[in-house]
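Please arrange chain B on chain A, whose structure you already have, making use of the hints.
The listed protein sequences derive, respectively, from chains A and B. So in this note's numbering the end of the first sequence lands on 429, straight run, no missing numbers. So in this note's numbering the end of the second sequence lands on 429, straight run, no missing numbers.
Just to be clear, a hint being listed does not mean it is correct.
Residues from chain A that keep clear of chain B, each with C-beta distances beyond 12 Å, as calculated [stated by the list, open to error]:
| no. | residue |
| --- | --- |
| 1 | Pro7 |
| 2 | Met11 |
| 3 | Leu15 |
| 4 | Asp42 |
| 5 | Asn43 |
| 6 | Val55 |
| 7 | Ser56 |
| 8 | Asp251 |
| 9 | Phe273 |
| 10 | Pro307 |
| 11 | Ser308 |
| 12 | Asn310 |
| 13 | Glu380 |
| 14 | Ala418 |
If you only want the chain A side, here are some residues facing chain B, beta carbon under 7 Å, derived [what the hints assert, rightly or not]:
| no. | residue |
| --- | --- |
| 15 | Leu78 |
| 16 | Thr99 |
| 17 | Ile103 |
| 18 | Pro126 |
| 19 | Ala130 |
| 20 | Leu288 |
| 21 | Ile346 |
| 22 | Gly360 |
| 23 | Tyr370 |
| 24 | Lys372 |
| 25 | Ser373 |
| 26 | Tyr374 |
| 27 | Ile391 |
| 28 | Ile413 |
Keep in mind that the hints were calculated from the coordinates and are not lab data. Treat the numbers as computed from the prediction; the structure is a model and nothing was measured. Cβ coordinates follow ideal geometry from the N, Cα and C atoms, glycine included.
There are 2 protein chains.
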Amino acid sequence: MKTILLPEKGMWDELCIRPQIERDNLESVVRSIINIVKSEGDNAVYGFSEKFDGVSPANLKVLPHEFLISDKNISKNLKDAIRKAKENIERFHSAQLITEPVIEISKGVRCWRKSVAIEKVGLYIPGGSAPLFSTLMMLSIPAKLAGCKEIIVCTPPGKDGKINPLILYTARLIGVTGIYKAGGAQAIAAMAYGTESIPKVHKIFGPGNQYVTKAKELVQQDGIAIDMPAGPSEVLIIADNLADPGFVAADLLSQAEHGPDSQVLMLTNDREFVEKVKSEVYKQLELLPRKDIAFRALENSRLILLPSLNDCVEFSNLYAPEHLILNISDARSFAEKIINAGSVFIGNYSCESAGDYASGTNHTLPTNGYAKSYSGVSVESFLKRISFQEINAAGIKELGPTIEILAEAESLIGHKNAVSIRLKSLEND
Amino acid sequence: MKTILLPEKGMWDELCIRPQIERDNLESVVRSIINIVKSEGDNAVYGFSEKFDGVSPANLKVLPHEFLISDKNISKNLKDAIRKAKENIERFHSAQLITEPVIEISKGVRCWRKSVAIEKVGLYIPGGSAPLFSTLMMLSIPAKLAGCKEIIVCTPPGKDGKINPLILYTARLIGVTGIYKAGGAQAIAAMAYGTESIPKVHKIFGPGNQYVTKAKELVQQDGIAIDMPAGPSEVLIIADNLADPGFVAADLLSQAEHGPDSQVLMLTNDREFVEKVKSEVYKQLELLPRKDIAFRALENSRLILLPSLNDCVEFSNLYAPEHLILNISDARSFAEKIINAGSVFIGNYSCESAGDYASGTNHTLPTNGYAKSYSGVSVESFLKRISFQEINAAGIKELGPTIEILAEAESLIGHKNAVSIRLKSLEND
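Bound-form chain A, shown alone:
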């Protein structure tokens, strides 16, 4: 980790730059995968699965008996933990289901909005070293609460052609409507355009590698909605000298172990604290199974000393971190000043892992500075709001002349006529 002491403000922008991965031919490779899936359907999905992952599953859709087998290899402890996390996530996200009032704008003019579920959604769950059933929970629970009719999951099978039992268990527990053995850009294309086995959806969610991310970006241009733009995971911790350096180091490492392109930052107003955390980080690092990954992430990472905690907050708002931990004595009042962040963890015991798994908040959050304009996934991500209006004769009589004047000022006489013809019909009422 680089230590940066009292950088001038002119340097802040540069310190906010995320590690970049350049892949010049990525777009053309992914575009070609998408086009082949579009024209060849299931066959293309099987083909790419064999080509990229060395596995060709017997069937794309997971069959009922495959779910049954999955149940048996999961301990009761783990099932209980999954259920508890599910309950907490449901409790937090249920509060996002609201009914808005009808507004009487004026006599005879009533307007309102209604939240309606996106009918068909697709969730992508990456494969790789660990089964991310927590991400499946974070996406499928709000989808279920929103009331989406079709909730499908694509996830790459293992070398044995099977889906990890924990993914299957979680999918069934929450009630997704279909799970498919497909990964990478081909899975995104399949959900965007549909194949013989995999249904077309209206919105695609979930993290993934650069191929998945690029595929989501490209299908978005065809009008398929996506959850948010993606980037490597990151945490920024603001800590003062009352924080426990061991806790801070553990939080930095919990983020660093995600991937070599992750970035972790600590800001503090105490020079000695920087060294304490640094030595704790490298001490704890030695004990991590994913030590090599975390080590590489730490190379992109920084411990920064700033003159005051207010400066730390200002820097954090400029950086707009995905996760922000405020491990400072007056954390609650500093939290009020946060304007750009995905999720904020307040105080010494609020570790990021809590939000990653079980406190109830969502862990699908904007990275790469996107927290300046994007929110994390929520029930709203699975809804759209339709506006309604009901205007009666009295309403149009009163509001109509205003509309006529405004439409005429925009030279849209057809718009004006739609009102005038109604007002005229009411003249003798």
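For chain B alone, coordinates are given in the frame of chain A:
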């Protein structure tokens, strides 16, 4: 207008296809404009303004004295109408400002979300034949209510190098923070990356021609948020034989006059009503100043007879119209069945023009079937929601073991450690 009588269900998908505009080299042209603005700033904006619009304004930023002049040429009637529309839009959108409760997930675990304004937003208002001050209202009023600190507007100047007085008047009335004489893809690029005069923003809103639309799509790939993907405006009307054919025709024409690529559809369950509306459309068309535009839009447009009103609703949900008018006797109960639409107008007197200008709902809505997954612009479009959590010692003691089990099941031991180190420190408490 084409009349289609009782099409088979197998044909519905085809009938939902929107008119396509193919522009093969559009992307490369727009990408090059963006790159030049990125590297040359203001100079590039001036240059493209001269090249594409034949005008090079003296300054990009509108100066205070230009606002003063604008005031004088607007009638009191028109000012009153603008104020009334503003009040209604404010009333409707204010209801979208909500504070969410803090959820106590378990003892010592408190989670909540806070809505925070996107700091800097850019609104694009097209130039052309008519000054779209209504669109400026629809974008700037929710931005103001959300609390955005910087609300800038880009709009192309007229041949005289000036901005239309109605745009200036509206901008000042609502309180935008800066208005700039820039149009086209160069304006979008300027707001996305910043120039000497035009500030960089975090999210860009507003309609525009194909260059503007493509530019928004391209800057979105760089992480600049945009309101929604764009397409030509459209209306779908469901009418029965109790509707007034004149009203229906006027509503169809009010949409058709937007542009030659607009699409208008009427669905009905009454064969005679089709002919009545058709003859009314062509009668009223003759009187429209924008007759030529509307005529071309009608060529893309359809009157469709279906067996029942339920079929009409089913077709409409498949089409997912931007605007949907339910001009049927039991409109309110059919409205309950609508799952895909931007904005719904219920009953004989609820014309689309009302929502376009003054009833209070927003008129920036998803087109091209995007209503299946996107909502119209609202106060939320100018906010992001940050999640917060505060866990105390008792909270982590209770929740911690669950997190440890889940993290371990995902092989993320760093995540587990962040909890374990805290639990260990509390062992003797």
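Going through the hints against the structure:
no., hint, in the structure
1, Pro7, "holds, 22 Å"
2, Met11, "holds, 19 Å"
3, Leu15, "holds, 18 Å"
4, Asp42, "holds, 20 Å"
5, Asn43, "holds, 23 Å"
6, Val55, "holds, 20 Å"
7, Ser56, "holds, 26 Å"
8, Asp251, "violated, 5 Å"
9, Phe273, "holds, 17 Å"
10, Pro307, "holds, 23 Å"
11, Ser308, "holds, 22 Å"
12, Asn310, "holds, 18 Å"
13, Glu380, "violated, 7 Å"
14, Ala418, "violated, 4 Å"
15, Leu78, "holds, 6 Å"
16, Thr99, "violated, 11 Å"
17, Ile103, "holds, 5 Å"
18, Pro126, "violated, 11 Å"
19, Ala130, "holds, 4 Å"
20, Leu288, "holds, 5 Å"
21, Ile346, "holds, 4 Å"
22, Gly360, "holds, 5 Å"
23, Tyr370, "holds, 6 Å"
24, Lys372, "holds, 4 Å"
25, Ser373, "holds, 4 Å"
26, Tyr374, "holds, 6 Å"
27, Ile391, "holds, 4 Å"
28, Ile413, "holds, 5 Å"
Checked against the numbered hints above, the structure breaks hints 8, 13, 14, 16 and 18 and satisfies the rest.
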